[in-house]
Amino acid sequence: MAGWSIHEGQAVVLDRRDVDTDQLIPARFMSASRAEGYGRFLLHDLREGDAEFPLRRHPEASVLIAGPNFGCGSSREAAVYALVDAGIRVVVAESFADIFAGNAVNNGLLTIATPEAAALRAAIGMGTAPACIDLASRRLSVAGSEQSFELTETAQAKLINGWDDIDLTRAHAGEIRNFRDRRKTDHAWTWPSR
Amino acid sequence: MATLLDKLWAAHEIRAEHGQSLLWVDRHLVHEGSHHAFAKLAERGLEVAEPGLTFGVADHYAPTRNRARIDDPQVAMMLERLESNCARHGIRLFGLHDPRQGIVHVLGPEQGLTLPGLLINCGDSHTSTHGAFGALGFGIGATQVAHVLATQTIWQARPRAMRIRFEGTAGLAVAAKDMALHWISQLGTGGAAGHAVEYAGSAVRALSMEGRMTLCNLSIEGGARFGMVAPDAVTMAYVKGRTMAPKGADWDAAAAYWQTLQSDADAVFDREVSFDMAEVAPTVTWGTTPDQALPIGASLPDPARLEGAQAEAARDAMDYMGLTPGRPLEGTPVDQVFLGSCTNGRIDDLRAAAAVLRGRKAKVPGLVSPGSMLVKRQAEAEGLDKVFTEAGLEWTASGCSMCVGMNGDLVAPGKRCASSTNRNFRGRQGKGARTHLMSPAMVAAAAVTGTLTDVRPLLEGRG
Chain C
1 MAGWSIHEGQ AVVLDRRDVD TDQLIPARFM SASRAEGYGR FLLHDLREGD AEFPLRRHPE
61 ASVLIAGPNF GCGSSREAAV YALVDAGIRV VVAESFADIF AGNAVNNGLL TIATPEAAAL
121 RAAIGMGTAP ACIDLASRRL SVAGSEQSFE LTETAQAKLI NGWDDIDLTR AHAGEIRNFR
181 DRRKTDHAWT WPSR
Chain E
1001 MATLLDKLWA AHEIRAEHGQ SLLWVDRHLV HEGSHHAFAK LAERGLEVAE PGLTFGVADH
1061 YAPTRNRARI DDPQVAMMLE RLESNCARHG IRLFGLHDPR QGIVHVLGPE QGLTLPGLLI
1121 NCGDSHTSTH GAFGALGFGI GATQVAHVLA TQTIWQARPR AMRIRFEGTA GLAVAAKDMA
1181 LHWISQLGTG GAAGHAVEYA GSAVRALSME GRMTLCNLSI EGGARFGMVA PDAVTMAYVK
1241 GRTMAPKGAD WDAAAAYWQT LQSDADAVFD REVSFDMAEV APTVTWGTTP DQALPIGASL
1301 PDPARLEGAQ AEAARDAMDY MGLTPGRPLE GTPVDQVFLG SCTNGRIDDL RAAAAVLRGR
1361 KAKVPGLVSP GSMLVKRQAE AEGLDKVFTE AGLEWTASGC SMCVGMNGDL VAPGKRCASS
1421 TNRNFRGRQG KGARTHLMSP AMVAAAAVTG TLTDVRPLLE GRG
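So the protein lines, in turn, are chains C and E.
Note that this note's numbering has the first sequence beginning at 1, numbered continuously upward.
Note that this note's numbering has the second sequence beginning at 1001, numbered continuously upward.
Simulated from the structure, these hints should not be mistaken for lab results.
Among the clues, some could well be false.
As the list claims (entries may be wrong) - Calculated pairs, DSBU-like style, for lysine-lysine (alpha carbon to alpha carbon, straight line, at most 30 Å):
| # | chain 1 | residue 1 | chain 2 | residue 2 |
| --- | --- | --- | --- | --- |
| 1 | C | K184 | E | K1007 |
| 2 | E | K1361 | E | K1415 |
| 3 | C | K184 | E | K1240 |
| 4 | E | K1386 | E | K1361 |
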């Protein structure tokens, strides 16, 4: 996965709360392999019958401004694949579901949780607005307003470097082995009996 | 002054840095949907670190009928992919034809894989179910599944501790499902986000393990990735003697340790909420999020009387659900019913539904898919299958089935389903499907009358 530091693109609004992962990608598409590309599945059933759907009118958009509790429901990482493969780099909302937010950062997708999301949705409406996101300075500017956002050091490093946890964790292989051995001695019952 | 969360976290923490803990994973459960993670492993040429702590289960795509010949090539491919990935990495698989096959969150506890004090991961958000034993159970995405496969560890930020108490005695036909829908309707779908919920109080203690699993299962629908109940005598009695549970000296050591797994009397929680069971009635969802739920005796909300965003969400949900504002919930006609899922597919659930259906006919068609093939066998030994089939419902094999629709068990567009499942999202049970979530007894009542119905009068004179 390629890392990124600054993103400039067009922001578009998805004026809904509780956008669950079943909507982000309906279950029937989930047997596809990633190589086939997941972009065409994004919000499939919502946008299908709606010619005015913002992402249909503005397929070039790369920043999505949505409502609270974005990404709730199933842990399916395919919801993030659908966003990323459709060209979305950043989602801004009042809040995100925990599992979704974790999946996002593992795939180069930035989630910005801010109470300003409502004002941004109102300002952009059915149109688009230029947006710029700087990971290093944690600044978001969109629709003429500028603000800082919270981002943990870990998430920042992963997004900028395109890092994968597996590489980082394998550096601690010795510690893990010691923990395992200790657990097997002190808590042998934690291994399944056969 | 430690919470149960503190104790479980400390017991699994290998290291901590930048606000994240590297945690040891005691059990990793994989299913058909884990194919992305196996593909990531293959790409990097990595092996599974602990095949002995990893178990495969066929559930999401498991056909509930005609298992000898699978017609749908997509379903067949998903099952084959799981089989070959498990075989390739030496992972024990509870496959389609295993007599113990079932939904991962039913099978794990049933086999004694789920124990107090363990950390259990699965690429499924309802992994919170396993917390019912006093374990850390939480759902993870594919990248994290690959990480656990490769390292048997997971990076995780410690959630805040929240305690939800239910005090008092459950009224007639008030089940764990109603307790869950009640708190979610009060706090909202994101109400417990960022928190691990410990359920406590006299009404939680009074629940069977099945009930506790239902309650913990639905934590994620209120935003909490973790739900848990401290282990007690009910937990011990459930676990003892299970196939893969500890035996002999291991059991003694485990049981002694499990006694320590409770929040200390002076433990401080980041958030505490308490509900009186007198407030909890049989509850039904009317909308497209699990917090859009009301007691069965209530009327649908009027969006005109709600505030901005809530009004918009209610209007939108009612439009999708084909409901009229202000009308009573009870009496809404349904087209079909579904009994099953990791939320309510256990033996207690089938018994509760059968108690309503015994000697009665269903007015609408319906599907009953037990949570596991062992639950199916137990139900058949008790004659429950006859109750369902004589009522006119279809009795099938076990799987996630109509809860998620991946195996082809779908609700048709525009059809209304009374369902014992966990999500009433748009399109969850099929494109355009209209789902009402409720307890198994309430599903049975809807089957009997063909409408959303208060089950309580139907239980009069029945033990």
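Going straight from one Cα to the other, do C:K184 and E:K1240 come out at no more than 30 Å? 21 Å, holds
Please verify whether C:K184 and E:K1007 have alpha carbons no more than 30 Å apart. 18 Å, holds
Check the hint pairing E:K1386 with E:K1361 against an upper bound of 30 Å on the C-alpha distance. OK: E:K1386 and E:K1361 at ~12 Å, within 30 Å.
Holds or violated: are the alpha carbons of E:K1361 and E:K1415 at most 30 Å from each other? With a Cα-Cα distance of about 21 Å, the restraint between E:K1361 and E:K1415 holds, given a limit of 30 Å.
The structure is consistent with each of the numbered hints, conforming to all of them.
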